[in-house]
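Chains A and B, in that order, are what the protein sequence lines are.
Under this note's numbering, the first residue of the first sequence carries the number 58, and numbering increases by one thereafter.
Under this note's numbering, the first residue of the second sequence carries the number 466, and numbering increases by one thereafter.
Worth double-checking, as some hints may not be accurate.
[To be verified] Just a few of them, taken from the derived set where beta-carbon distance is under 8 Å, the chain A residues facing chain B: (1) TRP93; (2) GLY108; (3) ILE163; (4) ILE169.
[To be verified] Which stretches of chain A does chain B cover? Using the computed rule of at least three CB atoms under 8 Å from a CB of chain B, they are: (5) 61 to 68; (6) 116 to 122; (7) 130 to 137; (8) 140 to 150; (9) 184 to 195; (10) 203 to 211.
Source of the hints: derived by calculation from the structure; they are not laboratory data.
Quick caveat: nothing in here was measured; it's all calculated off a predicted structure.
A virtual CB, placed ideally from N, CA and C, is assigned to each residue, including glycine.
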Amino acid sequence: MVHSQLPWFIGGPLLGLCVVAMRWLMNERLGVMGAWSDVVDTVAAKRLSFGPFGWMLFGLIAGAAIFALIAGGPVFEGYGWLTDTFSGTGATLLIVAILFACGILIGLGTKIAGGCTSGNGLSGNAMLSPASLVATMTFFVTAIVVTFVTEALI
Amino acid sequence: MSTRIAGGLIGVVFGVVLSWSGMTSPEVIREGLLFQSSYLFLFFFGAVATAFVGLRLLKRSAPPALLTGERIAWEPVQPQRRHVVGSLLFGVGWGVSGACPGPIATQLGQGIAWGVPTAVGLILGIIVFRRMQSRSQRGTERTPTASVIPSPVAADATA
Chain A
58 MVHSQLPWFI
68 GGPLLGLCVV
78 AMRWLMNERL
88 GVMGAWSDVV
98 DTVAAKRLSF
108 GPFGWMLFGL
118 IAGAAIFALI
128 AGGPVFEGYG
138 WLTDTFSGTG
148 ATLLIVAILF
158 ACGILIGLGT
168 KIAGGCTSGN
178 GLSGNAMLSP
188 ASLVATMTFF
198 VTAIVVTFVT
208 EALI
Chain B
466 MSTRIAGGLI
476 GVVFGVVLSW
486 SGMTSPEVIR
496 EGLLFQSSYL
506 FLFFFGAVAT
516 AFVGLRLLKR
526 SAPPALLTGE
536 RIAWEPVQPQ
546 RRHVVGSLLF
556 GVGWGVSGAC
566 PGPIATQLGQ
576 GIAWGVPTAV
586 GLILGIIVFR
596 RMQSRSQRGT
606 ERTPTASVIP
616 SPVAADATA
């Protein structure tokens, strides 16, 4: 069982090394949205010849599956703040709708901003890209405000 | 080794670390964003600091890329309106769902059903962006969204 949380001073640097590996091996900026986009773009072009980023997404999913198998189950405590707030019939459908809407905001927003938590937040800041610093401050502050507001409301 | 295999292997490491660190659980993200736990910020800081040092060393020694042989180089991107507008949208989605693109993928990998609607929405978001992008390229008139939709050329390398 590996259910204890990996210490941040091991997990964080390992993610950082993934960014360095992507640059050292193929001079690319690691970004998970780039990975999702590669899969969508490739499928939209009616092809199945995914690039390194598409394969990175498959790797992410496979890595998570391997972890869950070894750990004996997923690391997931549910959506407490949503499931506690909305109960009764239709609650599940409502939460699905909320998460679906969040997904659209995440997909569209990160594409417009040119990166997500990994592309802008991790890789872009490590590259000292001013745009990534602005993007990171914006999404962190927004997410913190939204979380505090929803916590106060429910 | 092909770049595809390398990309896949990097993904596996990334996926295991995201899972093991608890980033797949929206509760962990939420505790971080509510400042109830310092883990999220320390984890993020550790990752950026390590990547920063590694990239510095790469830039200084400037070796050719191991698999492609191309010169290792990158240009800083200057902030534009789209970086703020897009990140505002993303921040709302992240704050409510407690999931961002990496953890959405690892939720699917761990077999967490709640990850499905988020992932479907994310894919739809990419499709909507592609539509907006092709429309803003076709029309010569300036649409209200034109200023926040980057052209493929201007888009950051691998957004």
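For each hint, the structure was consulted:
Checking TRP93(A) against chain B by beta carbon gives a least distance of about 6 Å; that is within 8 Å, so the hint holds. A least Cβ separation of about 7 Å between GLY108(A) and chain B falls short of the 8 Å threshold, and the interface hint therefore holds. Checking ILE163(A) against chain B by beta carbon gives a least distance of about 4 Å; that is within 8 Å, so the hint holds. Look at ILE169(A): its Cβ gets to within about 3 Å of chain B, closer than 8 Å, so that hint holds up.
Under the rule that three or more residues need a Cβ within less than 8 Å of chain B, the assignment of the segment 61 to 68 of chain A holds, with 5 such residues. Requiring three or more residues with a Cβ within less than 8 Å of a Cβ of chain B, the coverage given for the segment 116 to 122 of chain A holds, as 7 such residues are present. Coverage of a stretch by a chain is defined here by at least three residues with a beta carbon nearer than 8 Å to that chain's beta carbons; for the segment 130 to 137 of chain A and chain B the count is 7, and the condition holds. Under a criterion of three residues with beta carbons nearer than 8 Å to beta carbons of chain B, the stated coverage of the segment 140 to 150 of chain A fails, only 0 such residues being counted.
Only residues whose C-beta sits within less than 8 Å of a C-beta in chain B count toward coverage, and the segment 184 to 195 of chain A has 11 of them, enough to reach three; the restraint holds. Counting residues of the segment 203 to 211 of chain A whose CB lies closer than 8 Å to any CB of chain B gives 5, so the stated coverage by that chain holds, three being the minimum.
Of the numbered hints listed earlier, the single one contradicted by the structure is hint 8.
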